[in-house]
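Knowing the structure of chain A, use the given hints to seat chain B with the ligands on it.
Residue strings, one per chain:
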Amino acid sequence: MRLSWMIGGAQGLGVDTSANVFGAAVARAGYYIFGSREYFSNIKGRHSYFNVLLSDSPQHSVNSTVNILATFDAETIFQHYDEVTDFLIYDKGVEAMTIDKVRSLEPEIAVKAAAILEKAGLGISIADVVKFLEKKGVKCIGIDYGPLMKDIINQLKMDPFVAEKARNMLCAGASFGLLGLNQKYLLDAIKSTFKNAKIAELDTLAAQAGFKSVQNSYNLKELPIKGHRVQLDGNTISAIGKLYGGLSFQSYYPITPASDESTYIEANQVLKTSDGKTRGVVVLQTEDELAAINAANGAALTGARAATATSGPGFSLMNEGISWAGMNEVPVLVTYYMRGSPATGLPTRSGQSDLLLAVNVGHGEFTRIVIASGDHAEVFSDAVMALNLAELCQTPAIHIIEKTLANAYAVMDEETITSGKFKIERGKLISPGDPENYKRFELTEDGISPRAPLGHAHMYYTGDEHNEYGHITEESENRIAMYEKRIKKGQLVFKVLQENQMANSVGSSDTVILTWGSPKGAILDAMEELKAKGISVQMVQVRLFSPYPSELMAKLLSGKKRIIAMENNYTAQGARLLTENTGIKPTHYVLKWNGRPMTKDEVVSSISDVVKNDTKKVVLNEGK
Amino acid sequence: MKVNEQLEFNDWCPGCGDFGILRSVESALSELKLDYTDAVLVSGIGCSGKLPHFVSGPIAGVHTLHGRALAFAVGIKLSNPKLNVVVDAGDGDTFGIGVGHFVSAGRRNVNMTIIVHNNGVYGLTKGQASPTLKRGEKTKSLPEPNINDPINPIALAISSGYTFVARTFAYNIPLSKEIIKQAIQHKGMAFVDMLQPCPTYNDINTNEWYKERVYEAKVDYEVKDQSEVIEKMNQAIKLAYPSDEKIPLGIFYKNSLTPSYGERISANISNYEDYYPSMQEIEESSAPITSIDSMVQARRVV
Ligand SMILES: Cc1ncc(C[n+]2csc(CCOP(=O)(O)OP(=O)(O)O)c2C)c(N)n1
Ligand code: SF4
Ligand SMILES: [Mg+2]
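The listed protein sequences derive, respectively, from chains A and B.
Going by this note's numbering, the letters in the first sequence line up with residues 1 to 624, in that order.
Going by this note's numbering, the letters in the second sequence line up with residues 1 to 302, in that order.
One should not assume that every hint holds.
Cut-off 20 Å, straight-line C-alpha distance, at most; resulting in silico cross-link-like pairs (DMTMM-like, lysine to aspartate or glutamate) [stated by the list, open to error]:
(1) A:44 to A:134
(2) A:421 to B:293
(3) A:423 to B:273
(4) A:226 to B:293
(5) A:428 to B:283
(6) A:131 to A:164
(7) B:126 to A:464
FYI, nobody ran anything at the bench for these hints, they're computed from the structure.
The shape of chain A in the complex, shown without the other chains:
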């Protein structure tokens, strides 16, 4: 069962808050949630929306269509009316509003929205949209927001300017009413979200008013719940993973969608440890990303677990610092929030166009650890794993989290992250017995030297080629040995990781969907529906991109009839790495680069198209 609900409105008017409250309420009734947030690079006024998928089992993607479109302005309706299948909740007060009057609507969208209506012989007002939808069988529920809000304002004697903001909650209340779940779940969610009693009261009244305006239509039943469930977005779960993994220094320069992680860490920087102490995490907001990566490098040299977080533009600036870390065998973690590029690109939208940059970041040949998470649970475990791999191999690690995951939230079983199955491995971190004659870059069998923190031994670091002590030398035999050292150390990764940590294979079929990152969710969510259509597929999701698990991939993919590369970019970068490393080529492609996440329905239709019609390349374009 999957039910898709969407709420939209101008940025700054509580779209996120109402989506969080709505999601929490549904989760309290026992449902799992996947919520995806889309917004402009803007602070106030531009259209943003939240798409919440609810289900009786964990979900990881959104649909192409929405069952319930919840609105309290006109713009959201013009933007999304063609996606609704069941219900439109709208403000009766905006019925006369026409498309041309909504100035913040992007011209391309306005033209399209108007064309559909005009083709149906209608005008371009909200009333026309309502007519259009009712003809399609969509129920349109008009709510008198104005008068309802006025009643509440009078009752509470509140400043209307403040109180009017509760329209979002009225809208959420109406949505919740349609589901047929007990109202108390919604009211409880409001109570635990708003600490300010006055605001909580206001939102409660608004939600109740909304709830009363509709009738139970979906008849959802409460579901049994075992254990606790948490609602976490990608930024937060990455932060918690890093802290759990022992992070004690984080530097950053503000950038969307990365900085929320750092602000969260700073807000939680004093941590309790099970040895009865508290430990403080230093969070440094730097002057730029050059400082961010290099301050993290410096911190790592002292033995602290150090990281930074950024996205495309900042990552580009970090090239040189990452190269230095490779040369000096520094365990530093860069959490790379991937968004639409090149340049500032689509700052608040998603994309997978920088995988090859991550794998090749920094000049020179050296081991970079690059891992990419496919869902929220992986973001957590990968954050710990990335810190471990960086330290085990003494080399920079890059953890890719797409904006799609960063700004989406999932309701998941709490034990996914608290099960205690995670380990911290610090590798060859030592305090040397003979600190005066310590060799930081001692040549060893596996390419990894015993690592003493600064302060524990006499040592040298330099970005120039160096000898075992870390002094500069350009001598050629030493050059050969050190060069090999920095590359061969990567082999350790294959020894410590399990196969499913390198590439996750689900199902078994001679048709493989080869993917990485966030499309994983849409693919998993689509597999059942594909099966019902008689199409069986296997998903192979690559999680480790550097060093590349060539052997494993050859094993997983050899002899397959179809290998369908499915990625959020133009050139199938993940598949290019497969070919480069194994010679195996995809047979088909499903690609999307409009900055929006892949939907479950897109996976179903594109894979059907490939399998039935042998279509070599399908380009997807859904999402506003």
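Frame of chain A; chain B with the ligands shown alone:
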């Protein structure tokens, strides 16, 4: 034959002012009884950047990237505040490619020292003009006279918030050593403008040229009360723009009243000075020991 790989051959040009700086740094560190257990030398890229490799004595060295020495240094210092961090960087390093870090370090008042080898040129890339070379001057390898105005390092440091600002001359080793010692002991961000002849590329600001101009200025540089800050800053800036050809040396400004960055962090993390990042235990027999319960529970929906 046995060679000592722990020593690196010093390849500065004969007569380079860096030799004097090296001597002053070595003496300062040794008189303060600092070694690898409690000090680290961080350097940028340039002739100056090689300094840590040439130091005799057991001091750890981190030779970083062009312009980024201060960024590394901040990370080292904040993770292990017990280390005395001394940065040696070129004037190109500091006031060209890395000038943003120089300004930001002042704003934070991190408790460390930066010694800038001010030689007016980019030594290691064969003598291009550095940001301190005066407009109209044509040092040896410039095809045309410099058409950029110079920055004033002292004034920049003062306006950026450095709480210890001094100038010395590479060949005045006793003064340089003394100033470096005081800079290291100062609780806050210290800047030493080290005038350094580069006999190979800077044929204007030579040893002789400096010797005719430098003198030890005696000013009451210390801020003893918050009310004196502006006055003392103005005094330092005035001294940095002399009306004659003379070049004052010595401490220009010192303010121990401004809280250091470490103190500012301690305001948020009360045990920061005693249990800083580099010493924190994070696991026990590989099991993570950091509790995330409160964070997770705050996100509980059921
Ligand atoms: C990013 C980067 N750009 C350019 C260089 C080349 N480079 C090496 S040293 C140097 C200039 C050094 O001048 P300065 O900092 O004044 O040091 P000096 O050699 O004079 O001591 C430059 C530009 C580099 N190493 N890195
Ligand atoms: S080029 Fe100038 S600064 Fe560099 S070593 Fe030679 S004299 Fe010294
Ligand atoms: Mg120079």
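Here is how each hint holds up against the structure:
| no. | hint | verdict |
| --- | --- | --- |
| 1 | A:44 to A:134 | 32 Å, violated |
| 2 | A:421 to B:293 | 15 Å, holds |
| 3 | A:423 to B:273 | 28 Å, violated |
| 4 | A:226 to B:293 | 18 Å, holds |
| 5 | A:428 to B:283 | 15 Å, holds |
| 6 | A:131 to A:164 | 28 Å, violated |
| 7 | B:126 to A:464 | 18 Å, holds |
Of the numbered hints stated above, those contradicted by the structure are hints 1, 3 and 6, listed in ascending order.
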